[in-house]
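A.B. asks: As a plain string of letters, each chain reads:
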Amino acid sequence: MTNKVLEFTNVSFHYQATKASKPTVIFDQVDWHVKEGEFVSIIGPSGYGKSTLFRLVTGLENPDSGKISLNGEVTMGRLGKVGYMPQQDLLMPWRTILENVQLPVELQGRKPSSDEIIQLLADFGLAGEENAYPGNLSGGMRQRVSFLRTILTGSNILLLDEPFSALDAITRLTMQEWLIDQWQKLDKTIVFITHDIDEALFLSDRIFVLAEKPVQTIREVIVPLSRPRTMRDLARPELMELKEQLIGDLRSEARL
Amino acid sequence: MKKMTSYSWSILFVAIVLGVWEIAARLYDKSFLFPSPSAILIRLWELKTELFIHHLPPTALTILIGLSISIIIGSTLAIAMYSKKPIEQAFYPILIASQTIPVIALAPIFVLWFGYSIWSKVAVTVLITFFPITVSVFDGLRSSDKNLHELMRTMGASSKDIFYKLDLPSALPSFFSGLKVAVTLSVIGAAIGEWLGAQAGLGYFSRRMMTQFDSAAVFAPIVLLSAVGIIFFLFVVILEKHFLHWRNHQ
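As given, the protein sequences belong to chains W and U, one line each in that order.
Numbered according to the working numbering, the first sequence spans residues 55 to 310.
Numbered according to the working numbering, the second sequence spans residues 2 to 251.
In case anyone wonders, no lab produced these hints; they're calculated from the structure.
There may be inaccurate statements among the hints.
Selected chain U positions facing chain W (Cβ under 10 Å, derived; list incomplete) [to be verified]: (1) Ile-24; (2) Leu-28; (3) Leu-152; (4) Phe-244.
These numbers come from a predicted model, not from an experiment.
Even for Gly, the Cβ is constructed at its ideal location relative to N, Cα and C.
Produce the entire structure from the sequences given, and follow the hints as far as they go.
C.D. replies: Rendered as structure tokens:
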């Protein structure tokens, strides 16, 4: 459990000036790491670099200086090496569920095995939906399809970008429990973006707070809960206190 | 059932128009100027061999060749404009400007260039149908989801993968909309081309009958032209249903 699967060393990054805005420095010499098999969350107000962090990890952007290493290997070509699940499900409406899930396998030039994927769909509560189109599925089901597609990238690191933010409260709760279940079965490292503090506390081993502009240090909060957890654990006094403190951190920044 | 009722309303409307026309034409009673629908149908029947054997095939062929050329050139140009910004900047303004040129006024020059062969009519058809196809394919390609584009990149997709698996399927709905417009325009293009000079064709025949004051025979090929347009249109609708069948699931 001590292998660092994802590590930032002295990473700086800024967005180029556009017509509408001045150049914005997002990260200034940031160090950060995630260990193998961890479930960590990133919280922070909008515009504080949560999505940029993911863009750097996936390789959509490269740092101005500093190193990003995946599984102990420093590399510029990170595209195709990390499983990224976006906020919207982004399923292709013209592909069936099966074809959507097979996309990453196809892109790697491997031959997708339908039987195996149909079995996985069944494990994900999507039995019999392989030939349906995304338009026929509920929001929760589409997110599960999107998650399965992310898993089939074959990567050991999964980045989930507010995957449940568009779901209603009940579906969301079910999906959170389901996600923890899957994480424990799959033996993957998950980095989860959210702006819901309860969600972060319930799901994660560690929480990282992005609350400065530009980010110089990513504050780490260890969640003092063992697993399995229930929603009731969040009502414990020490958790309430931690939550107050996190809200305080984010609010003092959001006001600026 | 709902579809049936919507069709039956339009059938009813057409029936009323034809009925009024029939009565008006009979009251006016100058069939060489204003023929009744029944007179047109009778004339169509009398001329059936000539129209179907001699004049329909060249017109249908002009439409088919013209449309095919437009689809090939238009899609190619649209893809080129989408993939290379300088090509877009060079061609897009010209493309828009070209639509302000009255195509009909240009038609005589095609007769000069291509003579009375089928190619002068094809040229008019291409010129008139090229624009909707190019613009619809271009807009369709541009409508592809940018987030999905990035997601595919995080999966290690090459630009070729993204083009074939994302851009092209995204462009199909728009392409079919453009094709429907182009099909209806192609009938007009072929007819105009034939007016200027031809030895056969529905547009040519219609115009020739005008000089003979046989107005029922002017209308008869027009009925056929319109039928050709409707048939091509329905064919596109069938293709569209086939390729975009996933849209029924939304």
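A.B. asks: Indicate, hint by hint, whether the structure satisfies it.
C.D. replies: Status of each hint after checking the structure:
1. Ile-24: violated (50 Å)
2. Leu-28: Interface hint status for U:Leu-28: violated (55 Å vs cutoff 10 Å).
3. Leu-152: holds (5 Å)
4. Phe-244: holds (9 Å)
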